[in-house]
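S.K.: Just need the whole structure built from these sequences, with the hints factored in.
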Amino acid sequence: MAARTTGGTGRNLTQATLDILGRAIVTGEYDTRPFPTEADIARVHGISRSVTREAVKMLTAKGLVSARPRKGTVVRPAATWNLLDPDVLHWMLDRQFSVELLRHFNQLRVAIEPEAAALAARFADDDDHARIAAGLARMAAAERGEDDPLDADIAFHVAVLLAAKNPFYAQFRDMVSTALRTSIRFTNTIVGRSASVEQHAAVADAIARGDDDAARIAMRAIIGDVLGLIDARD
486 MAARTTGGTG
496 RNLTQATLDI
506 LGRAIVTGEY
516 DTRPFPTEAD
526 IARVHGISRS
536 VTREAVKMLT
546 AKGLVSARPR
556 KGTVVRPAAT
566 WNLLDPDVLH
576 WMLDRQFSVE
586 LLRHFNQLRV
596 AIEPEAAALA
606 ARFADDDDHA
616 RIAAGLARMA
626 AAERGEDDPL
636 DADIAFHVAV
646 LLAAKNPFYA
656 QFRDMVSTAL
666 RTSIRFTNTI
676 VGRSASVEQH
686 AAVADAIARG
696 DDDAARIAMR
706 AIIGDVLGLI
716 DARD
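All the letters of the sequence shown, read from the start, carry residue numbers 486 to 719 under the numbering used here.
Since the hints were made in silico from the structure, they are not lab data.
Be careful, since some hints might not be right.
Computed beta-carbon distance windows for the label pairs [stated by the list, open to error]:
(1) Arg538 to Glu514: 18 to 26 Å
(2) Glu631 to Ala717: 26 to 34 Å
(3) Ala619 to Lys650: 14 to 22 Å
(4) Asp504 to His614: 33 to 41 Å
Quick reminder that beta carbons are idealized off the backbone N, C-alpha and C, glycines included.
M.R.: So this is what it looks like as structure tokens:
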């Protein structure tokens, strides 16, 4: 917890403090030592106690810490964290790479994204089709070295989630983005491995035709390939 927050408004200081403390918790800095007191946090970071209290309240709301009688604030087990919170997902990218974490991400993806693709085939409008096509075009451009492959892949998958026209599916966009960013750290270790434009085109084509079964199968195949690589790694 060596970083120090300086300058900025109270709101910015609170967010900066939250980011430092949350990242430290998620990356395991407090696995072997106690979480600091509010007084220590304020002193180390040169911030007021009110800013410190607000940051700790936000950590509590995310499930990362809790107050215990006579023990102060303690870090909660990872199983209690709000793992779909955008901040928590962002901090998880800084953890040491774990194949098991990658498996968990993709097991959730395979439960969500194929059904989102099927719904997109039924409910996508012209704007959705344009976003999906744009994501696919970016992936093709990335194969030619003209775009960022990860950003293009994320754009495609997020476009499909949004095309499902279901606000609950849309809430998974941060999870999918984090899962893909985690995946690339794994697939980059496999020579010649990159997201398949052909497989993604099959999803886009099925959605464009309104074929929900084909869209579901095509999306499941994409994620299934990643799970297969993970299983082979074990």
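S.K.: Confirm or reject each hint.
M.R.: Structure-based check of each hint:
1. With their beta carbons about 21 Å apart, Arg538 and Glu514 fall inside the hinted range of 18 to 26 Å.
2. For Glu631 paired with Ala717, a C-beta distance near 31 Å keeps the hint of 26 to 34 Å intact.
3. Under the hint 14 to 22 Å, the C-beta atoms of Ala619 and Lys650, about 18 Å apart, fit the expected range.
4. Between Asp504 and His614 the beta carbon distance is about 37 Å. The supplied range of 33 to 41 Å therefore holds.
Consistency with the previously given hints is maintained throughout, with no hint failing.
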